[in-house]
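Enquirer: The chain contents come next:
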Amino acid sequence: MRALVQNVLNGTMMGCIYALITLGLSIIFGVMNIVNFAHGDFVMIAMYFSFWVGSWWKIDTVATPLVTFPLLFVFGLLTYYLVIDRTLRQKYVTQIAVTVGLMTLLRSVAQLIWKAQPRAIPYSLIRGNFVIAGYTIMLSRFVSALVSIAAILIIYLFLTRTWQGRAIRAASDDLDAASLMGINYKWTYALAFGLGSALTAVAGGLLMSFQQVDPTMGLRFGLLSFCILALAGLGSTLGLLISGVIVGIAESLAMGFWDPRAQSLVVYLIFVLVLWLRPRGLFGRK
Amino acid sequence: MLVEPLLKVNGLTKRFGSLAAVNRVSFEIYQGEVLGLIGPNGAGKTTLFNTITGLYRPDGGSVFLKGENITRLYPYSICKRGMSRTFQVIQTFNNLTVEEAIRVGAYNRHAEKAVAEQVGRIIPFFDLEKIRKKKCEELGLALLKRVEIARAVATQPDLLLLDEAGAGLNAAEMSELMEMLGRLRREKKITLCVVEHVMKMVMGLCERIIVLDYGELIASGKPEEISSNQKVIEAYLGKRAAR
Amino acid sequence: MKTGRNKLLLWLLFLVIALALPAAFYSSQYNMMLLTTVVMYGVLATAWNIIGGMAGQFDLAAGGYLGLGAFTAGTLLIRWDISPWLGMLAGGLVATGFAVLVGYPLFRFKVREVWYALSSAALVSVLRVVFLIWEQVGGPTERYLPFHKWSLYHLRFSSYIPFYYLMLLMLILALLINHRIRNTRLGYYLVALGDNEDAAEVLGVDARASKLKALMIYASIAGAVGAIYACLYGYIHPNFFSSSLSLEVSILGIVGGMGITYGPLLAAIILVSAREFLRANFGGQLEGLYLAIYAVVLILIALFRPQGIASILREVCARVTSRKEKDD
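Protein chains in written order, with this note's numbering: chain A, 1 to 286; chain B, 1 to 243; chain C, 1 to 328.
These are computed hints drawn from the structure, not numbers from a lab. Please note that the accuracy of each hint is not assured.
[What the hints assert, rightly or not] With a cut-off of at most 30 Å between alpha-carbon atoms, the simulated DSS-like pairs for lysine-lysine come out as follows:
1. A:LYS91 <-> B:LYS130
2. C:LYS213 <-> B:LYS113
3. C:LYS324 <-> B:LYS134
These numbers were taken from a predicted model, which means no experiment stands behind them.
Start from the sequences, fold in the hints, and give me the full structure.
Expert: So, in C-alpha cells, the structure goes:
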C-alpha cells in the first residue's frame, strides 16, 4: 500500500512536467493541425541546451530556461519558416512527412555527434528530498512539478487574456474568420510554433535537475506527449494537466509493480486504446 | 390519389450547441418534380442538405428515401441508395481530370466493365468532350459547376440535391444551367431539389417551393402563392428593413 | 499508343536486366545480399504506396507487419515443420488481421490521418516489447530456424541467389497489384478520397472500407515478405519489429513519388544502395549517417518536389523525347 501511494505521488509530479511538454505540442496542433513528430526531440535538444548553458555560465539548471526559452523560441520560428510553412498547402501526408523527417534528422544527428554517452549535471539547487507522512518526496521533482503547473497557468492566462494569445485560439477555431478579422495567419502560426517549441525549454531545464540526457530521449518524450495529447483532446488546458497526471501515474505504477521494461509499453497501450475507443480524447471539444 | 413520396423528411432537427440550425422541419419530395428550397441567408438550407445527406448527424426526426429509413446512414450509403448532391462551395477534385472525376461517380452503380460506358454517356450529355482530359484545378467556375453536377449525375441518382448551383454565374451561364436541369428531368428522369437565391431560377424551374427561416419551415406551395405569402415577405424584407 | 508500348518495352528491359543481374554478381555473397535487400525494400515500398501514396495514410508499421509475418512463418516452421511457402500465406493473413484491428477504429469518419501515423508507429514498438516478453514464441534471444543446406520445402539455401529471385517475384507481384488497383474502382476511390474526402463520400465512396482494403493489401504483402525475411536470416527475433525499417520504407515511398507505380522502387534502388555504400565505407562509427541523409532527402523532397524522384525522371524523359521530336 505504501509503495502504491509513493508511486502515485511520483507519477503525479512527473505527470505535471509531462503536461507542460504536451502543452507545447497541443498549441501547435490546435492552431495548425500539425502534430510535430519531432517534438520529443525538441525536448532532448532543450535538455542539451540547458546542460551547456548551465556548464558554461555556471548557473543552476533551473535558471537556464531564462536563456534556453528564447533560444528554443527562435529555433521553433526557424523550423516553422524554413520547413513547415511551405508544406501547409500540400497534401496532409507531405506535412506529416516533413516533421517525421525532422524527427529522424534531429535524432540521427544527435546520435552521430554525442554517441550514446549521456550527459548530466553534477548537482542542482533543488536537490535532496523531504519526507511527509512517511513518503519521500524528491525536491527536484516537487519543485519541477510546481514550476510546470505555474508555467501551464501562465500560458493559460496568455491564451485567454492577451490579444496575441486570443489570436492563436481564434486561428485554431476558424482560420478564415480569424484572417478576416485582421489576424495575420502566418505570423500567428509562427508564433504558435515558436511558443510550443519554447515551452520544451522550461521542461528541459527542470528535467536536467534530476535526469540525464542522451540522444534517444526524443523517442520517450515524443511518445509521452502524443499519448497525453490523444488522451486529453483539444480545447481544455486543465484537461491536459489531468491527462498528464494520469499518464504519469500509469507509467510510475507500471515501473513499480509490473516490469521496468513495461514503462513505455503502458504508455503505448494507453495511447492506442484512446485512439481506438475515443479519438476525441477525454476532454476534447471537436 | 396517394403517391409515395421519393423523399420524406419528418421533424428533422440539427443543433449546434444550443442553437437549432434546423428545427423540426418536415416536407416531401415527389418523383419527377422540381422542389425549390429558399430562405434568407443563414436560414439553415445548407445545414438541412447536409443533415439529409448524412454529412451531419441529426439530433431528432427522420429521413426516408424511397420508403427506406436513411436517417443514420453515412453519405456514401445514401448515395448508393439513390440520392446525390452538389455543394454550395464547390468541392473539386483538384488533381483529377474531368474524366476521372466523373468516373469516380460512375463507379457508384456500375461495375468495372460498364464504367467506361457510363462515363461515355455522361460526358457528351454535359458537353464536356473538349475538356475531358483537363485537370479540374484548371477549370473556371461555370465549368467546375457543370463537372460537379456531371459527377453527381454519374452516380445515377433518383434524387439530386443542388446547393446554390446558380451562384456566381452570369445570365448566359444561368440559362445554360436551367436548360441542362430541364434535360436532366426529362431525359434522365431525375428528381431535383434546388437551393437557390436567384429568383429567376427558382421561379422558372420549380413547381413547388418550400421556405426556410431561422431553421424552421415557414411556407410551402406553388411559386405564385409563395411570392405573395406574408410570412415569406417578412422573412426577407423584414431583415432588410431591420438594417 | 506510342507511349504505352514504350513503357511496356522499358518494363521488359528492366525485367531482363533484373533477371540477369546474378550472373554478374553471383561470386560475391555480399553483392547478392545487397541486391536482395534492395529488391526487398522495393517490394515493401511499392506495397507502402498503396496505403501511403494512394490512400494518403502515413503508415509507420511496415516493420510490424514484416515481423508478424516472420514470426508466424518462423514459428510454424520451428514447431510443426510447416513449409514457409505456406508460412508466407499465413504470415500475410496474420499481418492483415492486425492491420484491420488497427485500421478499423481509425478510419472512422473524420478521424485525422496523423493519428493513424502515430498509432502505427506505436504498434511496432508494442509488438516488439510484447514479443520480447512473450517467452514461448519470442523472447530476447534469437530463435533459429532448422538448418538445411538446400531445401526448397524449407526455403533454406546456402546462397542468396534463390532469395533474390523470390524477392524479385514478390516485386513483380507488388508492381502488378499496384498497377491494377490504380486502374480500377479501388484506385479511383482512394485517389478521390485523398483529394477531397467530403466530395468523394457523397459520390458513394466508402472511405473506411476503401482505406481498409488498401491497408489489408499492403499488410499482406509485407507479411509475406516477412516470412521470406525470416528464412533469409535463418532466425526470428523481436528486433524484426523495427521502427527504423518502418521509417525507411515510408521514406522510400514518399521520396519515390506517391502517385507513380515505379517511384518507390526507384527510390529503393538509389537510396538503399547509397546506404549500403555508406555502411561499407564508413562502417559502424557513422551508423546513423544514412538515416540522417534519408531524413534530409525526405525533407527536401517534401518541401520542393512532393511528387517525388519519379516525377523528376518523368520530366527529364519528357524533355528528352520532345527534343528528339523537334529534331525530327
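Enquirer: Hinted pair, alpha-carbon criterion (30 Å max): C:LYS324, B:LYS134. Please report holds or violated.
Expert: Holds, at roughly 26 Å.
Enquirer: Is the Cα-Cα distance between A:LYS91 and B:LYS130 30 Å or less?
Expert: holds, 29 Å
Enquirer: Tell me if the straight-line CA distance from C:LYS213 to B:LYS113 falls inside 30 Å.
Expert: OK: C:LYS213 and B:LYS113 at ~21 Å, within 30 Å.
Comparing the model with each earlier hint shows no violations; every hint is respected.
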